[in-house]
Structures are given as C-alpha cells and as structure tokens.
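Line by line, the protein sequences give chains A, B and C. The first sequence maps to residues 0 to 248 in numbering that gives the first Met the number 0. The second sequence maps to residues 0 to 386 in numbering that gives the first Met the number 0. The third sequence maps to residues 0 to 311 in numbering that gives the first Met the number 0.
Derived by calculation from the structure, the hints in this document are not laboratory data. Since the structure is predicted, the reported quantities are computational estimates derived from the model, not experimental observations. Quick reminder that beta carbons are idealized off the backbone N, C-alpha and C, glycines included. Wrong hints could be hidden among the right ones.
Stated by the list, open to error - Below, a sample of chain A positions facing chain C; criterion: calculated Cβ distance under 7 Å:
| no. | residue |
| --- | --- |
| 1 | Leu141 |
| 2 | Asn144 |
| 3 | Glu147 |
| 4 | Ala148 |
| 5 | Gly151 |
| 6 | Ala152 |
| 7 | Thr155 |
| 8 | Arg159 |
| 9 | Met161 |
| 10 | Leu165 |
| 11 | Pro166 |
| 12 | Ala240 |
Stated by the list, open to error - Here are the computed lysine to any residue pairs in the SDA-like style, where the Cα-Cα straight-line distance is at most 20 Å:
| no. | chain 1 | residue 1 | chain 2 | residue 2 |
| --- | --- | --- | --- | --- |
| 13 | B | Lys6 | A | Leu15 |
| 14 | B | Lys6 | A | Leu87 |
| 15 | B | Lys6 | A | Asn43 |
| 16 | B | Lys6 | A | Leu85 |
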Amino acid sequence: MKAWLPTLLRLAVLALLVVFITSPGWFEPLLKPLTENGAPAIYNQGSLLTLTLQHLRTVLIATVAATTVAVALAILVTRPAGAEFLPLSRSLVNIGQTFPPVAVLALAVPAVGFGEKPTLIALFLYGLLPIFENALTALTTLPGNVMEAARGAGMTGWQRLMKVELPLSTPVILGGIRLSVVISLATATIGSTVAAKTLGEVIIAGLISNNLAYVLQGGLIVAALAVLIYDGLSAIERYAARRMGQGGE
Amino acid sequence: MTLRFDKLGVVIAVIVAYAAFFASFATFRANRIVPGQARPILEALPPTLGMLLLTIVIVCGIVALLKTPLILRLAASVAALVALTILIGVAGGFLTPAGNTFARIAPASGFWLLIFAFTLLLADVLTRLNLSPWSRVGVLVLAALAIAALLVSGSWDSLSILKEYASRADSFWAEASKHVTLALGSLAGAMIVGIPLGILCHRVEKLRAAVLNVLNIIQTIPSIALFGLLIAPLGWVSVHVPGAAAIGVRGIGTAPAFVALFLYSLLPVVANTVVGLAGVPRAANDAARGMGMTDRQRLFDVEFPLAFPVILTGIRIVLVQNIGLATIAALIGGGGFGVFVFQGVGQTAMDLVLLGALPTVALAFAAAIILDAVIEMTATMRRVGTA
Amino acid sequence: MIEIEGITKRYDETTVVDNVSMVIEPRTIATIVGTSGSGKTTLLRMINRLVEPTSGVIKLDGADNRSLPGYQLRRSIGYAIQGHGLFPHRTVAQNIATVPLLLGWDRDRIKARVDELMTLYQLDPQAYGPRYPHELSGGQQQRVGVARALAAEPNVLLMDEPFGALDPIIRTKAQEDLLAIQKRFGTTIILVTHDMEEAVHLGDKIAVMDAGKLVQYAKPAEILARPASGFVETLVGASERPFRLLSLGHVRDAVEPGGAEGEAIPGDATQRDALAELLWSGRPALPVKGADGRLIGRVTVEGLVKRAARPQ
C-alpha cells in the first residue's frame, strides 16, 4: 500500500533540489534568520547551479576513469596470467583503504598543484578501491558449476569473460561504483579546500565568514545530491540483479 | 640454470630503476615555501654513501626481479627500506649548509618511489608468508619501534617535516590527543548505543529496516556537509539548554565533529550486530532453547559470543573510517591532525601537510592491522568461518 | 566410438587417473561408478579436455581429441553437470541456444532446435522459453540443463552426476527421459555417478573406478555376477545383488505358460517389479500381458527366485 510513498518523497526532494539550485533567491526569506549583520543569505560568489554541475562533472569523470581502471585490473588479476598478483592486490586494497581521502587529496597537491587536478586524482585513487574490491569479489565468487558449464559448452576465455563472467558480476560491480560515487561526492566537497570548483566552496565560505546560511544551503544541497544519487544507483543495482536472475523476489 | 623473472618483480625493478637513476632523491629549498631544487642520489649524499645506497638499491631490485626464495626477498626489502630511511636523514644533514636554519631538505619523488617499490615487495612477501595474527602485530610493533628509534636518535632532525614539527611540538601533541579522542570517543559512544540498538533491531523485525535505512542515509551525507548541518542545531542547544555550554556543546568546535563521527559510526556497528546475530546458526539457538536457557542467557551465552567476530569487523571499519574523517573536523574548529593538513594547504607548505597526513595514515594503518589480527584470533577461537 | 588409451592424470605427486583404457561403442550408454576421489570425474573431463591428460590418448571416432582447439572440441560434445549450471542471466531459450550460437547457426535453425528440445522435455516453448532459470523448479532446471547439452546435436554426451541433486521421484523420471532421448537421437552417452543403482539401470556397460584405476568394465549382469574385486562387490552391495540382477530383465523374458488370478502385469515391467508385486500381494503367480493387452502367460515366485541366483 505504502510502496509509492518513498518514491514520492524522493521526487519531492529532487524537485525541491532543482528549484533551489536554479532559483535560490526564492528561499532567501527562509535562510535570512541564520545570517548576522546583514550578510547575504544566498551564496553570491558563484551560481549554485554551476557549482553543482561542476561538482557532478568532477565526480563523473573520476568515477568513469576509476571504473575502467578498477574493472580492468580486477579482470587482469583473475586471469591465469595475472594470478600471481591476486594475493598482493588484495593486501594493497586493504592497505589503500586505510588512507583517509583528505590525506590523498592533500598529498596530490605537491604533485600537480592546486585546482581540479588534485581533486580528480584523489577521487580517482580513492574511487578505485571499492570498485576493485567488489569486482574482485564478484569475479572470484562466480558459481562454480556455471563457469564449468560455460567451459564445457566450448566458450573461449574471452567469450566466458564477456558473456558469463562480466554479466554475472555486474550487480556487485555496480555496488562498488555506488560506494565509490558516494565517497567521491564527499571528497569532491573537500576538494574546494585545494581550490577545486565544487559545492564545498559554499560550505567553506560559510565557515570562514561565519555565515550559517551558507553552511546550511551548501550542506543541504550536497546531502540531497548524495542521498538521491545513492538511491538511484541502488535502484539500478536491484534492476541489474533481477535481470541477472539473482533478484529472487 | 635458467634465470626466471618474477612478474611483480618486473614492475618493482622498473620503478626502482626509474627512481634510482632518473628521479630526484631529495629536494633542497632555500626556505620553507620557495620551489625546490632536485638532487639525485649521488648529489644528495657523500660520494661513498651515495654509491653504497645505489648498490644496495640495485642489488635488492635484482633480487626482486628474479624468482628468488621468499626469505631472500624479505631480507632485500627490509635491507633496502632500512638503508633508505637512514640515508635520507644523512642526506638532510649533508645538504643543509652549515649554520643555515631556513634551508629545508625534503624527501623527493625518487625517495618515495623507492620506498613504495620496496614496501610493495615487503607486502608481497608478507602476504605470501601468510603470517599468523600475532606475527603480523609483531611486525607492526617492530616497524613502529624502528621508526621511533630513528625519530628519537635525531637522525631525521635535518628533514623538513621534523623542522615543521620542531616549531610546533606542543600543538602537535595536543592535536594528536584531540584526534585520537575524537576517533576513539565517538567509537565508544557508537558501541554503547549501537550494540544494544543492533540487538533490539535483531529482535524487533519492524524496527530493523527503518533504523538501518535512516543510518544508511546519514552515512551517505558527505562529512563536511554533516558537520555543517550540525552547527545550527548544536548552536541552538548550547544557547538554550542550561549546562550544555558548560560541558563544551557549541555550534562549532569539537561537539559537532564528535556528534557527526558518532552518527557515521552507528551504521557499521548496528548493521554488523544485526548481521552477526542473524548469522548465529539456528541449531545453536535451538539447542540453547531446548536446554532451557532464558532469552537473556541465550543472548549472553550463545548469540553474542558467536556474533562477536562480525561485530568486531564493524568496529574495525568504524575505527579506520573515524581516524580518517577526524581530519576534516579541523575545518569546523574541531582540532586533530587535519589542522596541519589544512594549514599546510593554505600556506602551500607541503611539509606541514605531511606532518598532518603521515601520522593519520600511520594511525589508521596500525588500527587496521591490529583489529584485523584480533578479528582473526576471535574468529578462529570460536571457529566461526564467516566474518 | 570413443577410445580411451592408457590415459593418466597426475597432479604433482598424486595420480588421479592411472593408465585407464576403455572403448565405448557408438550409440550406447557407458556409466562410470566409483567413490568420491576415484578419478571418475577427472576421466570424464579429459574426454572434452576440460582437463588435459598427463599421458595417453583419447580418440573420438578415430580422431585424436587434441586435433582441435579445446573450445572447438567442446562445442561438438554435449556436457551436463550436477546442479545443472544454467546461466542465471539468460532465459531458458537463450540457455539452450548457447552452443548453437557459438557455432553460428542461423536464427531460424536455432529457434527450431530450441522448440524441438523444449517440447521433447515437456516444457512449453511459449511459456517457459522467456523465463529465467531461477523461476523453474529443480526438475525443470535439470531438464533444461540436459536440453542445453543436446542443443547442437552432439554425437557424444558427457554427464557428470546429472541427477545427483534431484529427489528420488524426479530422478526416476529424468532417467526414463534420458533413456528415451538416447534411443531417439542415438547419442553416445558417458555418465558419471556414485549410485550403483543408477549405473545398473542406465548403463549398457559399467566402468568401476577405484583410486584412479579402472577396476572392471563390463555389462551390468557381468558386474553383478562376477565382480572383479572385493571393492566392486562392496559397491554392488551383497544384499542388493539379486534384486539388481532382476531389475536388468523384463517380465516378458521370464514368462512361463499358464494362468494366474488377479490383475496382469505388463511384459515390459522389470522382473524386480514383478517379484516385488508377488511378495507384497502374497500370491505365488501373476498373469502377464503383452504390449497389445492380451495375456501371454504368467510369472511365478519360484521362477523369479531362480533367475535372481548367481549366474553360473
């Protein structure tokens, strides 16, 4: 009965988000009480819409790159030729995850300077791990008798990879991409501390000028984006799992 | 006899060759923020020591390149790492002009690449040795002691990171203790609240989906946004709730950081408690019930001990995650190692960034190894296969 | 015809299959029985080269099975395994079409073949073709698994415990289906099982394996009557022997002249069924009817008991 309620709620949040970033002026009266000494209530050093799009663009580029590299690496270490690297790659993933995103971000600056580049590098490197880990898990835990049947049917290694292994791994790999995107959205926010154009700029500006209205609007936009994207990707993942016959609902 | 190449060894040898011959070993800067000048190994060290380091690095690179016994590879990686860490300190002293207190000597890309290559070799050897939990902790303690010895002996004092440290020794330890307090305190809070909440969710099915969904949404919100969103309500509490301000509840500072870390920590703790309890074999539960245990006895004598390794896994996730996230607390005045990271970014002083980042990475890394070892020990002790 | 000549498989120091030679006649079913770890599955997997032998040769219709690349060889040999191994992300029809697609058959031919096999296995192509494997029952999944193995009209079908995961009633049905289909297509089948009952029931010849060695390879009656070793005897099960022997013969071969009271038993039932019916109903004799329904004589307890005795 209440199955439509969450969907409705999501649509409402999405609509509110779109209205807010396109016409933030409408919300000025709501945010005004949070400001002091007549400070502006709506971020005025750049358009919220542009910042949002740039934020998403940064995340998208990094995620596409990270997905390509992570899946390729996972395929490599699960082939006989790369099997030697499998145990090491597992430990590296374990070690890599102990590096906080902020540290990766800050350490990228000396190598490439300020701006979008260090943010992209940090997002890429940090985004690799969950995707690689999930792809590795998926590719190493495929049902044995299905793989046996694929070999027995006379599929070549390449055909097995493309027709059986990757399709069956898709839901789990998508799960990794979802985690990676969520982490990237957060790391991109911090990216504004190294002068990347992202929504973090709004929050940081608010923190510096003690303007709660900025902090709140920046925080709310980022939070709403993250929750909506997470939800959307979860839905795609569930759809893929059903398509792969793993839904079992 | 035929020489056979190790696949990983080829990668390591390529990195080593590039780092030793084409990258710079140390950077010399006239003061802490001007651009530096690169110094390759032979220029960064006195001639004999430079040749010695090159020889060690090349020999160890060859050991990595060929298919060699594990024990030899272990010796090579340790020898190379020790030589590198000692000699980078020597390079610091060698490159600093006598009496000059402004000059800054920092390890450069070649040094970091060599460290990376031989750490990779060491990690590979340790992975292949399949060490027991205790020996892994042992290796960690040995490494920590070696680094501590180098720090105490003063052989790194001429390096720029330690010069940054020397000028902020007091605040370094203050921020360090704040960082650890934030990370551990919020974890403790999450355990006190999260484990009972997890047990409740396990028992009351209706509650489970709702609680986990809410916690999931909180985890999704980027940290800096959550910090920001907590400023307003905590500020209000500080002003309007009597006594709140006295115990340190404020809009900015440690309070919102603590609350945010606590909220982030809840999901892994609650979710793993639920998963751990759900994974208790039905037979064990049935047997317990059949022998006349009350619900309470069953919880403490059967379910909880069996679920413990899974709960520990949640705690490991939280601790490693919190140590990293606590760096962001600095942005809202919460202190911690992030203070140095963001100050360094602001002043474009990379040594300062490293002063904040390296201890954070070291802490997170140590926490991960120790907790992994503990998890493995409890899991094998209880013979629970799935963790 | 499949000729296995001196096949050995060694992993490091362990010999899994030890110098096995046997010939499987075309259009027959050979069953390979043995305990787990006897090397029976490895032997089967060396026929389609999922495992490469350490030494020895396997010839299919006179040609060395190494004259083709492994994957091409496998496209020409049917392969069905325990737990069916259906691709969960493909529909039933797509699963059955796997090998024809790999061989590049045209669409109409594939569709015709898929429909033929599904109909043969009593699965309506319209209703079941577009479904996913997880939407089928265990018995249906198993039938699709065998249909997939047969899709490219292979001359040889390898089966590795294909009915192992089925419950007894569905298993009996699956065995009957297999026998019917083998008759229809004339496929040469090699079936690995640990169940002697199944081996006796399905096999024209039975190969018994123990610790990598082929202990005995003979017709079922021969295996039952003259087990080559104590191991074969244990596997046959001393207390089951007479009944297994009876299960090999049809009632029509045991008919004696004369009549009897009660309902008639069909001539193509097994002698074991007839004895069971006699013992259960407490009668000394049963009337037997032929395929056309006419009475052709009777079977007696006495007659069957003689037939259950060790052949001389």
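Status of each hint after checking the structure:
no.: 1; hint: Leu141; in the structure: violated, 10 Å
no.: 2; hint: Asn144; in the structure: holds, 4 Å
no.: 3; hint: Glu147; in the structure: holds, 6 Å
no.: 4; hint: Ala148; in the structure: holds, 3 Å
no.: 5; hint: Gly151; in the structure: holds, 3 Å
no.: 6; hint: Ala152; in the structure: holds, 5 Å
no.: 7; hint: Thr155; in the structure: holds, 5 Å
no.: 8; hint: Arg159; in the structure: violated, 9 Å
no.: 9; hint: Met161; in the structure: violated, 12 Å
no.: 10; hint: Leu165; in the structure: violated, 10 Å
no.: 11; hint: Pro166; in the structure: holds, 5 Å
no.: 12; hint: Ala240; in the structure: violated, 10 Å
no.: 13; hint: Lys6(B) / Leu15(A); in the structure: violated, 54 Å
no.: 14; hint: Lys6(B) / Leu87(A); in the structure: holds, 12 Å
no.: 15; hint: Lys6(B) / Asn43(A); in the structure: violated, 55 Å
no.: 16; hint: Lys6(B) / Leu85(A); in the structure: holds, 12 Å
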